[in-house]
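**Student:** Here is what each chain is made of, one letter per residue.
Protein chains: 2
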Amino acid sequence: MASMDPMDIKVVPKTVLHLAAENLRQAIFSGAFQPGERLVEADLCRRLDISRASLREALRMLAAEKLITLVPNRGPSVAAISWAEAEQIYDVRALLEGEAACRAATRLDTQGLHAMRSALAEFERAVVRRDPAGRLAATTRFYDALLGGCDSAVIAELLQGLVARITFLRARSMQRAGRARESAAELRRLLARLEARDAPGARAAAIEHVRCACVAARAASTGVLAA
Amino acid sequence: MASMDPMDIKVVPKTVLHLAAENLRQAIFSGAFQPGERLVEADLCRRLDISRASLREALRMLAAEKLITLVPNRGPSVAAISWAEAEQIYDVRALLEGEAACRAATRLDTQGLHAMRSALAEFERAVVRRDPAGRLAATTRFYDALLGGCDSAVIAELLQGLVARITFLRARSMQRAGRARESAAELRRLLARLEARDAPGARAAAIEHVRCACVAARAASTGVLAA
DNA sequence: TGACAAGCATTGTCTGACAATCTTATTTTC
DNA sequence: GAAAATAAGATTGTCAGACAATGCTTGTCA
Chain Y
1 MASMDPMDIK
11 VVPKTVLHLA
21 AENLRQAIFS
31 GAFQPGERLV
41 EADLCRRLDI
51 SRASLREALR
61 MLAAEKLITL
71 VPNRGPSVAA
81 ISWAEAEQIY
91 DVRALLEGEA
101 ACRAATRLDT
111 QGLHAMRSAL
121 AEFERAVVRR
131 DPAGRLAATT
141 RFYDALLGGC
151 DSAVIAELLQ
161 GLVARITFLR
171 ARSMQRAGRA
181 RESAAELRRL
191 LARLEARDAP
201 GARAAAIEHV
211 RCACVAARAA
221 STGVLAA
Chain S
228 MASMDPMDIK
238 VVPKTVLHLA
248 AENLRQAIFS
258 GAFQPGERLV
268 EADLCRRLDI
278 SRASLREALR
288 MLAAEKLITL
298 VPNRGPSVAA
308 ISWAEAEQIY
318 DVRALLEGEA
328 ACRAATRLDT
338 QGLHAMRSAL
348 AEFERAVVRR
358 DPAGRLAATT
368 RFYDALLGGC
378 DSAVIAELLQ
388 GLVARITFLR
398 ARSMQRAGRA
408 RESAAELRRL
418 LARLEARDAP
428 GARAAAIEHV
438 RCACVAARAA
448 STGVLAA
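One line per chain: the protein sequences are Y and S, in this order. For the first sequence, the positions run 1 to 227 when the working numbering is used. For the second sequence, the positions run 228 to 454 when the working numbering is used.
By construction, these hints were calculated from the structure, which means they are not laboratory data. Note that the structure is a prediction, hence the values are computed from the model and not measured. Treat the hints with care, since some could be wrong.
To be verified - Calculated lysine to aspartate or glutamate pairs in the EDC-like style (CA-CA distance at most 16 angstroms, straight line):
no., chain 1, residue 1, chain 2, residue 2
1, Y, K66, S, E384
2, Y, K66, Y, E208
3, Y, K66, S, E413
Unchecked claim - Label-pair restraints from in silico Cβ distances:
no., chain 1, residue 1, chain 2, residue 2, range
4, S, V355, Y, P35, 23 to 33 angstroms
5, S, E384, Y, Q26, 22 to 32 angstroms
6, S, V243, Y, Q26, 42 to 52 angstroms
7, S, A364, Y, Q111, 12 to 22 angstroms
8, Y, R52, S, A380, 46 to 56 angstroms
9, Y, A121, S, A380, 56 to 66 angstroms
10, S, R273, Y, G75, 24 to 34 angstroms
11, Y, G75, S, R438, 42 to 52 angstroms
12, Y, R197, S, A311, 16 to 26 angstroms
Backbone N, C-alpha and C fix where the C-beta goes; we use that ideal spot for every residue, glycine too.
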């Protein structure tokens, strides 16, 4: 959840709890835990070197983000997503991302458009370079610019929440041959519509991109998800 | 957040922390705290008669729901919503509720439709009776049925989150003369489209309802919100 | 008036404890 | 031998109390 406004100075003090949450988040994104795997508080406390009180607060945060599941008296476990759920997420993401693109088409300023262009260029370089980390960073910048331009913190917030929940699906689908290149092409079309100030076109392009991502994710993860 | 599936047996064990969260939620909804009012942990602990550890976990939950704001080293305060933010919420709500209605139009079964009819009838009775609590209960039932019928837990979850954040606006706008009656009429139109299995019409009706609610809220709260 | 320091209030975090609940292994029963 | 009952162990829910770090208020000094 990088800041999407470069002018954004408000740096939230890093409490151990936020640090811990960040670490766990990374661990989950990077697949260090299996989906559905049970987490043991005492264990995590040792590994993160924090007290149980702090840990439990961090866990509540992750639970709110749906990255983990927190069942009373049974403790936390890494969220396991079903394909049905993933599909619902892609659907809503298409809806919201389409809306975001539509709004951004008329609101993005020169600076915002430039940020998107440069992020996309970076993405394409990363594709050529076969650099997953670089792709992820570029994508993040691209979307931060888009969401910044859509001028709705609510949309941005919901989208970031949804995307976080399917991060590992994205990573997986990107590994498929050609998908990264296709993705770049879709994003380029979207950017073209934005530059043309074509709101309906931008919406359509954004929706199309999500649709394609959904199909790719399905193909890449058949049988990998919980029923 | 009432269960929307009558068959739903899974009753989550009530830990003190959940109880406390529920109490605080109610207190905020009912306006027992002023928006922006600072909350003091030690205070709340005494009032709720729980330990600080449990309280802080409960606070994390409410913060995730955006009912309170949690700034490190400054503690919790009741969320103060700006009109700009409220408007964004109404916008997204329209989008999602429209989608939900659209989906529900083709998916709602007889039982679901019946539930909506009966909830609406109850709502209308509550309107005549000038019974705010009754209206709220009926509205909840109406929406639970709608969301159940839209067959997307993700949409339902996001909508409930958004609606919670503008609860006090809804309450306020409903107090305006005639608004409750108008609202009933809008819901009736929506239900008619659903019964006719008219997906686009249902979407339009749902969006129209939210639009009207937004206008009413704006009228009812001019000058009442933070800039 | 405005910068600055002291003092108080409040939060961040830890430790240690114990009862309630869940899980697993063991024993009993048919 | 398989199912049911039981006991043992592991894990979570919750609390109390402590202390340092930070934020806020107020009074002082220029």
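**Student:** Does the alpha-carbon distance linking K66(Y) and E384(S) stay inside the 16 angstroms limit?
**Tutor:** The hint holds at about 11 angstroms.
**Student:** Check the following: the C-beta atoms of G75(Y) and R438(S) are separated by a distance inside 42 to 52 angstroms.
**Tutor:** holds, 44 angstroms
**Student:** Does K66(Y) pair with E208(Y) here, judged by a C-alpha cut-off of 16 angstroms?
**Tutor:** violated, 26 angstroms
**Student:** 46 to 56 angstroms was suggested as the range; check whether the CB atoms of R52(Y) and A380(S) agree with it.
**Tutor:** violated, 31 angstroms
**Student:** Is 24 to 34 angstroms a correct range for the gap between the Cβ atoms of R273(S) and G75(Y)?
**Tutor:** About 29 angstroms separates the Cβ atoms of R273(S) and G75(Y), which means 24 to 34 angstroms holds.
**Student:** Between K66(Y) and E413(S), does the CA-CA distance stay at or below 16 angstroms?
**Tutor:** violated, 34 angstroms
**Student:** Looking only at beta-carbon atoms, does the pair A121(Y), A380(S) fall within the given range of 56 to 66 angstroms?
**Tutor:** Between A121(Y) and A380(S), where Cβ atoms are some 38 angstroms apart, the hint is violated.
**Student:** Is 22 to 32 angstroms a correct range for the gap between the Cβ atoms of E384(S) and Q26(Y)?
**Tutor:** 25 angstroms Cβ-Cβ, so the 22 to 32 angstroms window holds.
**Student:** Is 12 to 22 angstroms a correct range for the gap between the Cβ atoms of A364(S) and Q111(Y)?
**Tutor:** With a Cβ separation near 49 angstroms, A364(S) and Q111(Y) fall outside 12 to 22 angstroms, so the hint is violated.
**Student:** Kindly confirm whether 16 to 26 angstroms is satisfied by the beta carbon distance between R197(Y) and A311(S).
**Tutor:** holds, 23 angstroms
**Student:** Evaluate the given range 23 to 33 angstroms for the C-beta pair formed by V355(S) and P35(Y).
**Tutor:** violated, 51 angstroms
**Student:** Starting from the hint 42 to 52 angstroms, judge whether the C-beta atoms of V243(S) and Q26(Y) obey it.
**Tutor:** violated, 31 angstroms
Comparing the model with each earlier hint shows violations of hints 2, 3, 4, 6, 7, 8 and 9; every other hint is respected.
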